[in-house]
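Peer 1: Fit chains H and F with the ligands to the given chain A structure using the hints.
Protein chains in written order, with our numbering: chain A, 1 to 485; chain H, 1 to 496; chain F, 1 to 100.
Everything labelled a hint here was simulated from the structure, so no lab data went into it.
Derived DEER-like restraints, expressed as beta-carbon distance ranges:
| # | chain 1 | residue 1 | chain 2 | residue 2 | range |
| --- | --- | --- | --- | --- | --- |
| 1 | F | Val60 | H | Ala53 | 25 to 35 Å |
| 2 | H | Gly381 | A | Arg83 | 54 to 64 Å |
| 3 | A | Pro298 | H | Lys212 | 55 to 65 Å |
| 4 | F | Glu66 | A | Arg477 | 47 to 57 Å |
Partner residues aside, some chain F positions facing chain A, computed with beta carbon under 7 Å:
| # | residue |
| --- | --- |
| 5 | Ala44 |
| 6 | Leu48 |
| 7 | Glu77 |
| 8 | Pro83 |
Ideal Cβ placement from N, Cα and C applies to all residues, glycine included.
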Amino acid sequence: MTSAGPAAAIAAAVRRGERSAVEAVEESLAAIAAGEELGAFNTVTAESALQRAHRIDRAVAAGEDPGCLAGVPVAVKDNICTRGVPTTCSSRILEGWRPPYDATVIRRLNAAGGIVVGKTNMDEFAMGSSTENSAFGPTRNPCDPARVPGGSSGGSAAAVAAGMSPLALGSDTGGSIRQPAALCGVVGMKPTYGRVSRYGLVAFASSLDQIGPIAATVADAALLYSAVAGHDPLDSTSIPEEVGDLSDALAGEAAGLRVGIVAELSGEDIDGDVSARVTAAAQSLASAGAEVGEVSVPAAVFGLSAYFLIAPAEASSNLARYDGVRYGLRVPAATAADMNAATRTAGFGAEVKRRIMLGTFALSAGYYDAYYGKAQKVRTLVLEDFAAAYERFDVLIAPTSPTVAFGFGERTADPLAMYLSDVCTVASNLAGHPAVSVPFGSGAGGLPVGVQVMAPALGEAAMFRAAAALERAMADRRRAGSASP
Amino acid sequence: MSDRPGSGADALWAAGSPGLGAPEGTEWETVIGLEVHAELLTRTKLFSSSPNAFGGEPNTHIDPVCLGLPGTLPVLNRHAVELAVRVGLALGAEVRPSIFARKNYFYPDMPKDYQISQYDRPINVGGRLELPSGKVVRIERAHLEEDTGKTTHMGGAGRIDGAAYSLVDYNRAGVPLLEIVSRPDMRSAAEAREFVAELRATLVAVGASDGKMEEGSLRVDANVSVRPAGVSRLGTRCEIKNVNSLRSLGRALEHEARRQIELLTSGEAVAQQTRHWDEDEGRTTALRSKEEATDYRYFPEPDLVPLAPEGAWVEQIRAELPLLPRQRRRRLADATDEAPARVSLIVERGQDDLALEAVEAGAPAAAVLKHLEQNLAGGTGALTAAGLAELLAMEESAELTSNQVKDVLADMARTGQAPAAVARRLGFEAVGAGELAVLVDRMIAEHPEEWRRLCSGEGRERKKMQGFFTGQVMRATKGQADGRRVAALLAERAGS
Amino acid sequence: MAERISRDEVAHVARLARLRLSEEELERFTLQLGDVLNHAADVAALDLEGVAATSHPYAVGNVLREDVPGGGLDRSEVLAQAPETEAGQFRVPPVRGEAP
Ligand SMILES: [Mg+2]
Ligand SMILES: [Zn+2]
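Chain A with its partners taken away, still in its complex shape (with noise of 0.2 Å):
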């Protein structure tokens, strides 16, 4: 059985009222504080967090039971909406913006006695892998502030690192979750497309994006996975089928498990020091009673020019609300066309504006067929491919990133560069499927490497359970002192 983790502790603490909500909240906002040249937090909600506390403090008090999330604070990425709290995607074109709603995830996590504590820095509107691209300046890597938290959720990943709060919530278009993840040591993990409510997620690109749970360890990733999962009759794309309970995943039994390794993402692409620990990761799962092998998904490789095709695409009409008309900002001009124009031009950074032109290109007359509809063609084969490799194995895993944290501006200027960060990423969000990634060690300079597991849609629990395992084979090595390769 994999340990409950810090926030499971902290939740448990404060149900138990052995701990005050308060005094874990004053614990965050502190680390915050003393972290603040990570540039991890857009917004620091303090005051509504340590009201909250109080609140909880007081149903506990009360013999109530505040939830599975009590007194936990939780930083969350700053393209989901709080009522009230500004809302900015890290761009320019929301600065100030304070939405009127919050959105389920937010709903669900208040109910379940969570207390969000502030917004993380991101890439703007999750266009990047490296939290560069952010109006607020970049977030720095825990592990090394000369490095960057991968993105587009650096900022998630970071507070969690860095221990600013046990849990985060990210978002997950291409590997956003997952490979600022896997870049600060923490675990991040990305559900199956429809099972935790995309209302009130800022939409980078609808058909791919998940809100997911960036945490210390497995068992608190799926704490608050649990917690905002399930239907929402506000996104009709939620799945209706129950989120069923993980406590026998987490505990991590590899025995019987089927694990495939993927052949096509341990190539030349991917950096020797990461390979080596995907490869560990493998045999660890073997020697717990894993059956593994390998198997070969093509799609999941050429799916990134596909995912380049239509992200792009549907971020070009996402975007297009903000036009300096309702809310944010706007830059006069002379007609409404030329505000909208001047506006954004000044509103966006050079990423967002690049995808944008990007995706406008792939649907526009003329050569929709033979870029957004193929690359919706080439989704098909995605799926094709994976039910294949699923006919034989429960898992497959992979690594996050093909490489450990890299340097700021090391990919800025090309971005075709920076685009391949989500080689590994991708196909798992053009499938729609669960994937997380779990640190297993550190590559080059002693920095985290993360290990993906990938599974079929619904599949959360084989995953977990997979997770859990690689943790735990991970702890045990870690104990027996050969953490390193």
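Peer 2: Frame of chain A; chains H and F with the ligands shown alone:
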């Protein structure tokens, strides 16, 4: 409409080209296709739960979704789908599995800067609308989409060009629309008007729309082209927007056809354009030409899932459909031995149930139709079918004159009382048969010269004298005698 | 390899997307978008005849909402977020041309 292999005339007629100028005396044919947007009668918007209500303080019928706030998602209104299916079935369309798409363009009254509409897979495909005249107009499709907000242009006399600034109200944003697209089957402004009137009646009959063109709940765009008679290829078309009544539709179409014919006659080309109907000026003006055409970048709406109304649901909706105007015309025509076109006015007025019941109760069909048409234009009010039948029986037996019947009808519509009671109250004592004969004989005795002229007269003279005696009798009875009976008595006395 | 997107097309796309590009940006974006599209060439080159498109990863259908009012917004809260308002409405510079 598809291009058929050209006839001889076709070869000379190059659509859209200035050509050689049409020869003197060319007969022109106008070709019209219509796009009708009907706001559906739901309680809430198409994709969110704020009220679908006309008017109201600006920006008070709003919610995060219809405002397109970041993070919001659409969820489809079941009742809007049901109304779309009702209309589809009423038009004989095929109700198909469909998907929604995004139509991308910037405009301040569109909260998301894209409209959720249906594109290549609409819910209703095909169908036809049979007009009272018997003309059949084919329907291309009828699809669901969301309405935009409203932009008011301030300054510059409220006109779009020259306005100082604009104000935007999103109350209407997200209201469900059904866009009904006809094939280019109409050949005159009159047919187009008839189509819209019949479509409106159909939409109202199935409860899908209130049909109010003035309030904008029914909006018509017209595609118009002209071509020499006998040519099968279509000419270059213009789309006319901003027609707010049946009358403006007729005027706009007539004006536009004339404009195009004049261009072609003088050897100029018709440019494919969207044109705005200016009601005050009585003309259309160009909005934008094809060169500036927008690229809408349609793609499947990822926030919505496919829609495929279950067969059982569709069948239930079909079973619950009310009789349609066309069916009601047919029903009344059959019951009255008239042509459907002859009874269309009565169906239009919704008086057909009453008419049918009256005929059923034994009233002569022709008289029923005549009275409804001529004497009850303002509505039947409290009039019952039984009352109408009873009254018509009294007219038949000459207990009341036709003038009296008219007055009694009006009274019955107001009070709902039985005809005998009304006639008594109004002092319409029927002049008995015996009494009338005595009166006629007295008049003959009092006017011997006129009587002689009647008896010996021919044609007009005889007619004139008949009129004289009828007038005398009417004066004596204060108009309460039955003219037909007087005529019969005179004829009898004259021995002819 | 033929260029996959021309400078003119980039300029056209920017107009469609209501973005203004400097000469320098136009130059740079043309190259960068070309790079990405080149990378996507393997997709464009695939023969996918007969392959169905997937627009939703997880197949659900007929998600419908009952026609029941609720969940409105307070106008003042919404207008408070707007750059410019007048008489309970959103004020914008003059709109030239009607909606397409
Ligand atoms: Mg249209
Ligand atoms: Zn329309």
